[in-house]
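Chains as they are written, first to last, in this note's numbering: chain H, 1 to 353; chain E, 1001 to 1353.
Treat the hints with care, as some may be off.
[Unchecked claim] What follows is a list of derived Cβ distance ranges for each label pair:
1) E:S1237 x H:H313: 50 to 60 angstroms
2) H:V4 x E:V1327: 44 to 54 angstroms
3) H:P297 x E:G1089: 28 to 38 angstroms
4) E:I1293 x H:G60: 48 to 58 angstroms
5) H:V4 x E:K1167: 52 to 62 angstroms
What the hints contain is simulated information worked out from the structure, not anything from laboratory work.
For each residue, glycine too, the CB sits at the ideal point set by N, CA and C.
2 protein chains.
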Amino acid sequence: MKGVLQGDRVIFGTDAIPELYETLYYGRVRGDKLELALVEAAYLLDREKISVTADGKPLGFRELFILASQAQELFELKYIVYRDLRERGYFVQPGVIDFRVFPRGGRPNVVPSRYFVHVISERKPLPLADIVGNLQAALNVRKEMVLAIVDEESDITYYGVKANVLKGQMAPPDVGPVPGSATLLEDRVVVWDRSLSEALHAQGFYGNPLDEQRLQLSLVESAYLIMRHKLEVADRSGAPVALDTFTERALAFEPDFKRKLLVYADLRDKGLVAKTGFKFGSSFRVYEHVESIAKIPHSRFLVDAHGFDYVFHLQALSRSVRLANSVRKEMVFACDKDGESTVRYFSLGRIKL
Amino acid sequence: MKGVLQGDRVIFGTDAIPELYETLYYGRVRGDKLELALVEAAYLLDREKISVTADGKPLGFRELFILASQAQELFELKYIVYRDLRERGYFVQPGVIDFRVFPRGGRPNVVPSRYFVHVISERKPLPLADIVGNLQAALNVRKEMVLAIVDEESDITYYGVKANVLKGQMAPPDVGPVPGSATLLEDRVVVWDRSLSEALHAQGFYGNPLDEQRLQLSLVESAYLIMRHKLEVADRSGAPVALDTFTERALAFEPDFKRKLLVYADLRDKGLVAKTGFKFGSSFRVYEHVESIAKIPHSRFLVDAHGFDYVFHLQALSRSVRLANSVRKEMVFACDKDGESTVRYFSLGRIKL
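Throw the hints in and build the complete structure from the sequences for me.
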């Protein structure tokens, strides 16, 4: 079958419709023509199913590939992903978000498509807002959202993006105010009172023991305990530190402290236990339930908190997700719009399509 | 025994020397006095081995701790690390780089110290030049360099820092120039020539097959092959692209391309195989030898390339090292001084002291 390259399409006559479209599900019918996208045409040309001409002259694969890479942004990457999916037996149709992919074995016009696949270059920074927007678009039509990231050596990593509803089973600790019990030192708080230290640590897995009698709290833990459990914190001179002063002091150490506290509080309020994720390079590691501190369970999530205007660098994103996977945790991103107090969560995980 | 707080020292008379210094190895003798560092004094006060007064008044642990945290930068963190090491049976002496630590079971004045331990806050950015400088200082006196990073919840992670000499066993590929064999597309190169594609991939694990006939090369691979193996690259119009033009084009996609190429070339020239480390969030994954591409071995190193003026953020550093450890690779940092072509390597790994 012979097609003609026109811009970013290759056009065929009616005769191509029965085989290419109705049997093999390539292209889209427009009037009495069949239009193939460039990735479809390059793929079929390589398999010698079609021939393509431009300005009356036949094109080899190499010529078409070079022309296509000029005509369409990220063509090479799209081709690599398209070919990979097709070779592994998926039916793929070019769509608004790059590709609509049908479930394995499922044929177009028979079953609905299952995935929206978005092709991304490792080199291109990815705005968080784009992920959230595309995820919402996919969810609205009940599709699964997939990112296909192509690295500099043209290897593909597929990530599934999911919306998360986090929920834990922890009850709040049974503690009340103990005057003079805690001091804000440089960038952490020490609780001197032995029974308060024990209650906070045992009932909520708050802090880390300094020794057998005293507990160290992080800034975000302390701020939350001041807010929700009337923790009384003093400065080194013994003067009480109210929440707003505390927050101001914390901001000097952590410019992103307000966002961190917002997400921390949201997680704790939902009955989850959030602890520092430093050893995993994340904001938090999160447990659904810590029944006893003598037997700390596996933490299920790693959570990073970002603003809605955050832009991911894909190498760092790849590292986060890979690390989370390697320690059998789910990599979750928390985001909030400036000025709103609602926190949204989505997770990214490598998937084998 | 009674000591007196003076600035950032607690001073004892001669009578304290036999027990505290000669038997338990605390403090330093100055004239007929024994001086304890604040961490030593706080530790001994908590264990009720000593008492401390300031301005004639006795200090409780809480008072001393608060005063010390004002008198010495990072006192809380140093105390946490000091206590941890002591509790686990190490003899520790305050030194120029925070602590000199003796081998397990080894006593000061009997065996030499083994580690230089540098205490760092998770929150404080760490200049690469500091790591290299401290590593050199430790190596000069044959000590091992250890970073003790204290996170916001006062957990300690110990990292060992080592200088690396990397060496591989790969012979250069047996390829020559093939005119018109490769095209620079957007941000990658396609080799159209089948036998060149096969030779590059099979003999040097260069590139990634586009299909059975053609090979895709990354920008850094292509530049290296132009430099060392006379690869001929053309642009889309067929005009040859020389190395300097190629580098300029690559810089548009990778601002750090020159450094990346310097390190890549150094690794390849040393007989190692460097491939993209994207899936691990690093610049390169590195193999000592790839005998056959039918059976790719485990890559032993992850390498990140940085300038000498680079500053690590410890959360990201923690993530890199943790990820490398979790996939059984060594996390190596390559660095070069601007204008010099020598690349130095050091690695960081979690250690259990």
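So, going through the hints one by one against the coordinates:
1. E:S1237 x H:H313: 50 to 60 angstroms: This hint is violated: roughly 33 angstroms between Cβ atoms.
2. H:V4 x E:V1327: 44 to 54 angstroms: holds (49 angstroms)
3. H:P297 x E:G1089: 28 to 38 angstroms: holds (30 angstroms)
4. E:I1293 x H:G60: 48 to 58 angstroms: violated (27 angstroms)
5. H:V4 x E:K1167: 52 to 62 angstroms: holds (56 angstroms)
The earlier numbered hints that this structure contradicts are 1 and 4.
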